[in-house]
Every structure is written in C-alpha cells, then in structure tokens.
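Asks: From first to last, the protein sequence lines are chains A and B.
If you're matching positions, the first sequence starts at 69 in my numbering and goes up one per residue.
If you're matching positions, the second sequence starts at 3 in my numbering and goes up one per residue.
In case anyone wonders, no lab produced these hints; they're calculated from the structure.
Incorrect hints may have been included.
To give an idea of the chain A side of the interface with chain B (calculated C-beta under 8 Å), a few residues [what the hints assert, rightly or not]:
no., residue
1, Pro102
2, Lys110
3, Pro112
4, Leu114
5, Ala117
6, Phe157
7, Ala168
8, Asn169
9, Thr175
10, Gly176
Ideal Cβ placement from N, Cα and C applies to all residues, glycine included.
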Amino acid sequence: QQQVKQSPQSLIVQKGGISIINCAYENTAFDYFPWYQQFPGKGPALLIAIRPDVSEKKEGRFTISFNKSAKQFSLHIMDSQPGDSATYFCAASNPRQTGANNLFFGTGTRLTVIP
Amino acid sequence: NAGVTQTPKFRILKIGQSMTLQCAQDMNHNYMYWYRQDPGMGLKLIYYSVGAGITDKGEVPNGYNVSRSTTEDFPLRLELAAPSQTSVYFCASSHSGPQFFGPGTRLTVL
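So that you can see chain B by itself, here it is in the shape it has in the complex:
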C-alpha cells in the first residue's frame, strides 16, 4: 500500500492564479481531510469528507473548495491564490480510527 499520496510536493503560485492539490489514498478509507500547517500554529482543518459525494467545511475553509467523486481521491482547489494561503498542506485519511497523513505539499504564493 502506498498509503496517502499528495502531488505536487512543492509549488509556487502568483497572486490570483488557481491550482488543484491532489490527494489519493489506497486504504479504502471513508474519511478524508485537508489541513494546513503554518509555523507556530499547528494544523488547522480546511475541509473534510465522510464519503464519496459528501464534503463539509472545517475550521478554515475560506478560499478553498473540494470535491469527492471517488473513495480514493480528494482534491483541494484554490481558485484565486492569495499570499495568506502560503502554507504546507496535508491530506489525511481514516476509517473510524486514527488519521494517516500524506507527505504534504509546500505552497508559496507570491
């Protein structure tokens, strides 16, 4: 099993550009999550999904969108990138227990 995979590893965006962060898991987990990690702030939940076709907002959803068309994939969309979205983004998945995290995507918006 590859676990949770994320692409790309790094990305630099210009203000106003859009992009999609990809996340996939091969553990057949129902639940998937997106977090952002900022220095000294811990991780904050952006969006989560309890299954294909079902998503909901977390603590910090503004400026992001998600979709969940399959059990395996949970992409995160940034429509109009802003400097405040410079962060490291982690995707995670779980069944009913602990979450398993991907390696992260480091995004810089200039």
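If we strip away everything but chain A, and leave its shape as in the complex, we get:
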C-alpha cells in the first residue's frame, strides 16, 4: 500500500519551462512534507520541505504548493535547467507521533530538461 502517491512517473520539459510534480496522501496525521532530489548513483538530497500550516513555500526556483483539504501537494520548478534533470521524490511523515522522522516516499518522477 503506497501511502504517498506521486505523478507523473516521468516528465520532459524544455529549458526555461515549468516542471510540475504532484503528490497525494491519505493519512491526515502526516505533518511534514519534504521533496528530495536524486541524481544517478547518489543518495537522495533534501530539496525543500513544508508543514501543513502554510499553503506555499518558495526557495529560489523551487516552490511547494500545499492543499490540506485536498490532501495534495506539488513541486514547481520554475525556469527549469538541464542541471535539474534528476529523479524527484515527495515524502511525508509524522515526526511528532513517532519521535523519529520516518518518511513515506512517493514512487518518484524522472525529470529530463531538454536544452
């Protein structure tokens, strides 16, 4: 059972375009929603994260939009660059319940940015 559902599986965007990746969850106890970026042969690295008390968080070209009532959140990459080509994972957790920050990951989106 996939606790966090992610789409699309793959995405091809032209340089300078906007990349949008969507995630949905069911467990309303989740209160931490990070996005991870992974390059081939490397471990995931935290890109940006949000808590459900805000609807949007922006860091540079990366923005998370969060819709608590719909139980959905998305990653927007503005002015996409070839160096953004990677696999992106959304995740969710409830650190206040477990103490540890056990993450439930989406299945990943392979982004390719064409020059």
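Since the structure of chain A is provided, determine the placement of chain B on it from the hints.
Replies: Only chain B this time, still in chain A's reference frame:
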C-alpha cells in the same frame, strides 16, 4: 564532516549467504534509518533507531536485522540472502529535522 558513509558500494551475494551493510555518521545525530530503493517503488523504510540501544521496525523489516551500539554506527544485517533482497540500500540520519542520506549500497543476490 564526512556526513553519512556506507560500505561497501557494491556487493554480489549468493542465495543463503549473509552479510552486514555498514553505515556511519559523524554529525552526532540521534536518529538513523535504513531504506531500500527498488525501481519504480520509491524508498521503503526497513528499520530505524532513535538512539544507541533502541531500534524499531519500519515498513519492510522481514529478512533484516539491525543493532545500534553507538551513536555513530547503524549496521544492517542480512542473515539468509534471497533474490527479493536485490536492491539499493540507503542509510540516513537526522537530528530532529531533515534526513541526510548516504551514497547507497547496491546489492545483488543471485
């Protein structure tokens, strides 16, 4: 700081063999985690630890064991390797915030 280190990088095992995947962190993090990553499946939590001497099961613990005798180290043990354990294994650590991942161990069981 080296961050989170994992050894070995690659390993091929025969069915029924055992091995230990090593993980160490030098950030003095209390929490440590083991995940496996399978194609198209994302990462799944195997075991986690909230401190030395304390471990607990994650989503997919069957076939694995862990121990945490020090804050720095969190080894993952496979006792009887099976083809279903072919995967890339990631160790991670955190304080109270985001997790930092190691570079991974690619394990193939034949």
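Asks: Check each numbered hint against the structure and report the violated ones by number, ascending.
Replies: When the structure is compared with the hints, none of them turns out to be violated.
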